[in-house]
Amino acid sequence: MARIVGGICTSHIPAIGNAIARGLQNDPYWQPFFQSYPPVREWLERVKPDVAVMVYNDHGLNFFLDKMPTFAIGAAAEYQNADEGWGLPTLPPYPGDPALSWHIIEQLVNEEFDITSCQEMRVDHAFTVPIALLWPGTQRRVRTVPVAVNTVQHPLPTPNRCFRLGQALGRAIGSYPEDLRVVVLGTGGLSHQLDGERAGFINKDFDLECLEKIVNDPEALTKYTIHDLVRLAGTQGVELIMWLVMRGALSTRVRQVHRHYHIPVSNTAAGLLLLENAA
Amino acid sequence: MAAKLVKVDDIPGTYPYDGKLAIKGYALNKMCYSFNDAANRAEFVRDEDAYCAKFGLNAEQRDAIRKRDVLALLAAGGNVYYLAKFAGIFGLGVQDIGAQQTGMTLEAFKAKLKAAGN
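Those sequence lines, one after another, are chains A and B. For what it's worth, this note's numbering labels the leading residue of the first sequence as 1, then goes sequentially. For what it's worth, this note's numbering labels the leading residue of the second sequence as 1001, then goes sequentially.
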């Protein structure tokens, strides 16, 4: 049977990809951020997941306002990135796992989550930056299942709904008959705001509260509304819902293996968390 | 219990992007979405008027594009994720547009972000 070996939350800011491309990991601005990743990479080298389920939000690459699914899951043999309008390098495709994707889609729909399945899906920085951070260079042959959550256009799914989706996702992975080691990633966050006169908003106290509660009391975070998250974490800080999907997929009790928090990366408070299911 | 619907009027300087804005900004966002492709960016640069006309921008949207004014683009129904691709044509990132929207210099905006970590 497939087994979830752990969950990782990480920010996915596009500037990180640029910094990697330019080799700035030891630059004074970037060093405090990048120095937090080696322990997670070492854990991945030890645990060797076969598949990464990537819970992320598309930023207007794959989805336009003509059709905006709340929850979309990729079911392709491979996924391609694109320059996103900024001239980002086009990378070799990321391998998928269509059989596992379809199993997850079937299980989730059976549990009454209405999923949009995608046999073609371009993946943006919210997918590629975490992979570049966690599986650098040629090691990124981990197979992937993209799970995209709408944060482009309100209404967004509630934090509670996202946590419940994660729980169903965990059950779906656990019922897959093939022996696979699966890691679940939630990408995005923490507090940040790109648009409006409040651009540049960061809320350290709230982020630190989220980092505590996501580990031991995630249900507390499900009590917030999306509007609460916009107010407390910024218009883009709502990406916390990706972290809640990840957390829902893990067991009720988890062990925190690694945690880091750093302000700022570009406009964003960057968070990193590695969790294992408690024995 | 059903969650409350998003209200747009009680967080200063913040405009959650809802259906009302999505209706208003459809043409503008459709143009900006097209900038995912380099050929479209080049076409815009070659003839901005013609490219805006092709997507049917209204006068408010056309004016905001002409002025490269992010707050005006948001007011005209622009969605920040698609507008970011418009900003990309000019090599502007989220810190540049943050500085513009807050009326700060880029250096002051960056310093403000750094100070949030203290």
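Keep in mind that the hints are not guaranteed to be accurate.
[As the list claims (entries may be wrong)] Only part of the chain A face toward chain B is listed, based on derived beta-carbon distances under 8 Å:
#1 F64
#2 L65
#3 P69
#4 Q80
#5 D83
#6 L91
#7 N150
#8 V152
#9 Q153
#10 H154
#11 G196
#12 D205
#13 V230
[To be verified] Simulated pairs of lysine-lysine, DSSO-like, Cα-Cα distance not exceeding 27 Å:
#14 K213(A) <-> K1024(B)
#15 K204(A) <-> K1112(B)
#16 K1054(B) <-> K1024(B)
#17 K1030(B) <-> K1020(B)
#18 K1020(B) <-> K1054(B)
#19 K1024(B) <-> K67(A)
#20 K1067(B) <-> K1024(B)
#21 K67(A) <-> K1114(B)
#22 K67(A) <-> K1112(B)
#23 K67(A) <-> K1110(B)
#24 K204(A) <-> K1054(B)
#25 K1054(B) <-> K1114(B)
#26 K1054(B) <-> K1030(B)
#27 K1054(B) <-> K1110(B)
#28 K223(A) <-> K204(A)
#29 K1020(B) <-> K204(A)
#30 K1067(B) <-> K1054(B)
#31 K1112(B) <-> K1067(B)
#32 K223(A) <-> K213(A)
#33 K1054(B) <-> K1112(B)
No lab work stands behind these hints, which were simulated from the structure alone. The beta-carbon is built from N, C-alpha and C at its ideal position, and this holds for glycine as well.
Hints and how they fare:
Interface hint at F64(A): satisfied, since its Cβ lies 5 Å from the closest Cβ of chain B, which is below the 8 Å cut-off. Because the beta carbon of L65(A) sits about 5 Å from the nearest beta carbon in chain B, less than 8 Å, this interface hint is met. For the restraint placing P69(A) at the interface with chain B, the shortest Cβ-Cβ distance is roughly 14 Å, beyond the 8 Å limit, so the hint is violated. Interface restraint check for Q80(A): the shortest CB-CB distance to chain B comes to about 12 Å, outside 8 Å, so the restraint is violated.
Here the hint on D83(A) is kept, as its CB sits about 7 Å from the closest CB of chain B, short of 8 Å. With 8 Å as the threshold, the beta carbon of L91(A) stays out of range of chain B, its nearest partner Cβ sitting at about 16 Å, so the hint is violated. Nearest Cβ of chain B to the Cβ of N150(A): about 11 Å, over the 8 Å cut. The hint is violated. The restraint placing V152(A) at the interface with chain B holds, with a minimum CB-CB distance near 5 Å, inside the 8 Å limit.
For Q153(A), the interface hint holds, the least distance from its beta-carbon to any beta-carbon of chain B being 6 Å, beneath 8 Å. A distance limit of 8 Å between C-beta atoms decides the matter here; for H154(A) the minimum to chain B is near 4 Å, and the interface restraint holds. Hint on G196(A) holds. Least Cβ distance to chain B is approximately 4 Å, under the 8 Å limit. Among the interface hints, the one on D205(A) is violated; its C-beta lies about 11 Å from the nearest C-beta in chain B, farther than the 8 Å criterion.
Interface hint at V230(A): satisfied, since its Cβ lies 6 Å from the closest Cβ of chain B, which is below the 8 Å cut-off. Taking the CA atoms of K213(A) and K1024(B), the gap is near 38 Å; set against the 27 Å cutoff, the hint is violated. Restraint check: the Cα-Cα separation between K204(A) and K1112(B) comes to about 13 Å, which is no more than 27 Å; the hinted pair holds. Taking the CA atoms of K1054(B) and K1024(B), the gap is about 17 Å. The hint holds against a cut of 27 Å.
For the suggested pair K1030(B) and K1020(B), the alpha carbons sit about 16 Å apart, so the restraint of at most 27 Å is met. Only pairs whose Cα atoms come within 27 Å are accepted, and K1020(B) paired with K1054(B) is accepted, the gap being roughly 23 Å. A distance of roughly 16 Å separates the Cα atoms of K1024(B) and K67(A); the hinted pair therefore holds under the 27 Å criterion. Straight-line distance between C-alpha atoms of K1067(B) and K1024(B) comes to about 19 Å, which keeps the hinted pair within the 27 Å bound.
For the hint pairing K67(A) with K1114(B), the CA-to-CA distance comes to about 37 Å; that exceeds 27 Å, so the pair is violated. The hinted pair formed by K67(A) and K1112(B) fails the criterion: a straight-line CA distance of about 37 Å is larger than 27 Å. A C-alpha spacing of about 35 Å is found between K67(A) and K1110(B), which places the hinted pair above 27 Å, so the restraint is violated. Distance restraint check for K204(A) and K1054(B): the Cα-Cα separation of roughly 44 Å exceeds the 27 Å cut-off, and the hinted pair is therefore not satisfied.
Restraint check for K1054(B) and K1114(B): not satisfied, since their Cα atoms lie roughly 42 Å apart, outside the 27 Å limit. For a cut-off of 27 Å, the pair hint linking K1054(B) to K1030(B) stands: about 11 Å separates their Cα positions. Distance hint between K1054(B) and K1110(B) is unfulfilled; the C-alpha atoms sit about 37 Å from each other, more than 27 Å. Distance check on the hinted pair: K223(A) and K204(A) sit about 20 Å apart at the alpha-carbon level, within 27 Å; holds.
A hinted pair counts as satisfied when its Cα atoms are at most 27 Å apart, and K1020(B) with K204(A) does not qualify at roughly 32 Å. Taken as a hint, the K1067(B) and K1054(B) pair is honoured in the structure, with Cα atoms around 19 Å apart against an allowance of 27 Å. In summary, the hint linking K1112(B) to K1067(B) is supported, as the alpha carbons are separated by about 26 Å, within the 27 Å threshold. For the given pair, K223(A) sits about 12 Å from K213(A) by alpha-carbon distance, which is consistent with the 27 Å threshold.
Under the criterion of a C-alpha separation no larger than 27 Å, the hint pairing K1054(B) with K1112(B) is inconsistent with the structure, at around 40 Å.
Checked against the numbered hints given earlier, the structure breaks hints 3, 4, 6, 7, 12, 14, 21, 22, 23, 24, 25, 27, 29 and 33 and satisfies all the rest.
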